[in-house]
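Those sequence lines, one after another, are chains S and F. When you line the first sequence up against numbering that gives the first Met the number 0, it's residues 0 to 325, in that order. When you line the second sequence up against numbering that gives the first Met the number 0, it's residues 0 to 325, in that order.
Bear in mind the hints are in silico, worked out from the structure with no lab data behind them. Keep in mind it's a predicted model, so treat the numbers as computed, not measured. Keep in mind that a hint or two might mislead.
[Said to hold, decoys possible] Stretch by stretch, here's where chain S covers chain F in the computed footprint (C-beta under 8 Å, at least three residues):
1) 189–197
2) 210–223
[To be verified] Distance ranges between label pairs, derived from CB positions:
3) Glu-244/S <-> Tyr-77/F: 31 to 37 Å
4) Gly-248/F <-> Asn-148/S: 48 to 54 Å
5) Glu-185/F <-> Gly-248/S: 29 to 35 Å
6) Pro-207/S <-> Glu-244/F: 25 to 31 Å
7) Glu-274/F <-> Asp-267/S: 36 to 42 Å
8) His-78/F <-> Gly-239/S: 50 to 56 Å
9) Asn-193/F <-> Ala-149/S: 30 to 36 Å
10) Leu-262/S <-> Asn-148/F: 52 to 58 Å
11) Ala-97/F <-> Ala-149/S: 50 to 56 Å
12) Gly-84/F <-> Gln-285/S: 41 to 47 Å
Where is the CB? At the ideal position from N, CA and C, for every residue including glycine.
Okay, here's what each chain looks like letter by letter:
There are 2 protein chains.
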Amino acid sequence: MLGPEHHLRSPPATTPGSLRSSISFPGSRRLFRLPRAAPPLRGKTSGSVLASAPGVAAASRAPEPELAHREMARELAYHAEARLGARLLPSAVPAEVAEFRNGAGNAVGSLDVRRGSPGSTIDFMLQSSLHCKVPNGAIDITSLLIFLNASTDAPHFLMELIQGNPTSIVVILDLLPRKDLALHPEYIEKYYENTQLDRQREKIEELPQARPYRSQSLFVRSACSPTAILVSIDCGQGGGSIMDEVLRGQLATAAKELLQIWLDTCADHTSKMEEGEREYMIKRDQMVRSKSIEVDLTSNLPRMFDPDVSSRVIAEIRKAFGVQEA
Amino acid sequence: MLGPEHHLRSPPATTPGSLRSSISFPGSRRLFRLPRAAPPLRGKTSGSVLASAPGVAAASRAPEPELAHREMARELAYHAEARLGARLLPSAVPAEVAEFRNGAGNAVGSLDVRRGSPGSTIDFMLQSSLHCKVPNGAIDITSLLIFLNASTDAPHFLMELIQGNPTSIVVILDLLPRKDLALHPEYIEKYYENTQLDRQREKIEELPQARPYRSQSLFVRSACSPTAILVSIDCGQGGGSIMDEVLRGQLATAAKELLQIWLDTCADHTSKMEEGEREYMIKRDQMVRSKSIEVDLTSNLPRMFDPDVSSRVIAEIRKAFGVQEA
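I would like the entire structure built from these sequences, with the hints used as guidance.
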């Protein structure tokens, strides 16, 4: 929940800047302009110009398309579910939120939330995916979040994949810290140094197709860990098969490694904390959750989906996150 | 005080990784190896092999060489001093620390510390520069730090320039946050968004010679702001004149802008804080100061200078930072 906003607003800011011009992200740019120029994404159930365009009609019938990145996220989720077992309660998302569509037929999404069972360290596991046709292609956003509750100060698991076209994707993959790292070097050591997380980041950033990705939100940058994988992977024109290879190869490997590290060192771990320390952490967690919903979903879902649909989805995510509307 | 350690240990880690091999940083690598293979840097006052080598003899007589980066730092410091005026007390550094040398004649350094006057927001302004000959060249490190006291929560000013050869330099330029940014979006807004600091970062990262620089210390990465300029600028073989242009041009401009923003929005600013908040900030500040001395000076100065010299210098910096030996 830390990424899509930028892609809906503008092409990703990357560094070094000299490479910026080589990055194409047409989906996001067009999606941003579309709702402002005309409201084709809202409340058009039939007969719209868009709905009659080839591809859009198909999207209104078809489920979300199969993508290598989505498959990768699903495999990760399976693995997490298998390991967490009974610590996850069954899904409690109403049917109309489990899968949802835009009336105009150009956007489809799914959301699944499983709460942690009482006594476990798990707060919730959230999987979501969004697919939205835009004039020149589609934008696909897939998220996998496993958040812990206040019985532990261990980091949350977070993965977001934002694909603007078949040859480029933004990857946000992190164990999201729950403490002020500049005050807690022991926390850095325990969760980030001893686990050698930085190696995973290095491996991905070494890919010739990878460029650093900077969120436009300074808050998002501040919330991530110093080992976060924040990259834009661009395989260039005709690079669809390279993209698939990277996704199924190096990226899938890094994501699995991160999840495994998280499962081994964070998921089972309760923490002794002084009451003040726990209170601080809860306050911090709430801020990170609220802000990420604010900069991300509440400003963008309404651009993709009819207002009633996006409200229902956002309400369900707020419920999972345990934050009220501001 | 957030940078040199990496350069003394290994070449800078840069991203994207594919570019790594193009970055040369011979000075640092050699400097790292030198003290382990043989102790030529320590306690040789005369007659050593090194001292008889051309250049080294010159260094033992000569002051630190004039470098574009050093000139740039000095201009910045003048500007800060002019603006801060009587808020800075006269320099209180003993002569043997104001300028110091290695007995072997291959290293020379200077340190100046001016405390803030009573009632001002300034804690101290510190300027330091180190020059150390290594077999194939020299390493030059220049720092300018202006730290605020606990009457304000405004960020500190920090600049470090680490030049391993005439054509490459690492730049660390930041307004160092004093609050946990993930809990304080209003702090991000006030000091980092409203001041449009990110534009300065972007301008530097857009330089074709710039590559992102990642400190090997996760703590250092965590202590920096999300708009920190952390780059390695490499002008390639024979690029000495380009380096000078960049230093005197874009880099000097960005550094001046940052300093101006800091002078305008941070230096005069006292903050109302609840007592708990202030205590937290003081604790955090102490940690950042201690850790930066630990990962940086205490492990590296003794490699460049005789033990008695480095102890004196470190003691003086500890005094400025207000932190005791761990």
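Hints versus structure:
1. 189–197: It holds, with 3 qualifying residues against the three required.
2. 210–223: It holds, with 7 qualifying residues against the three required.
3. Glu-244/S <-> Tyr-77/F: 31 to 37 Å: violated, 55 Å
4. Gly-248/F <-> Asn-148/S: 48 to 54 Å: holds, 52 Å
5. Glu-185/F <-> Gly-248/S: 29 to 35 Å: Taking Cβ atoms as reference, Glu-185/F and Gly-248/S lie about 43 Å apart, which means the hint is violated.
6. Pro-207/S <-> Glu-244/F: 25 to 31 Å: Hint holds: Cβ distance 29 Å, inside 25 to 31 Å.
7. Glu-274/F <-> Asp-267/S: 36 to 42 Å: Holds, at about 38 Å.
8. His-78/F <-> Gly-239/S: 50 to 56 Å: holds, 53 Å
9. Asn-193/F <-> Ala-149/S: 30 to 36 Å: holds, 33 Å
10. Leu-262/S <-> Asn-148/F: 52 to 58 Å: violated, 45 Å
11. Ala-97/F <-> Ala-149/S: 50 to 56 Å: holds, 52 Å
12. Gly-84/F <-> Gln-285/S: 41 to 47 Å: Hint holds: Cβ distance 44 Å, inside 41 to 47 Å.
Hint compliance for this structure: hints 3, 5, 10 are broken, all remaining hints hold.
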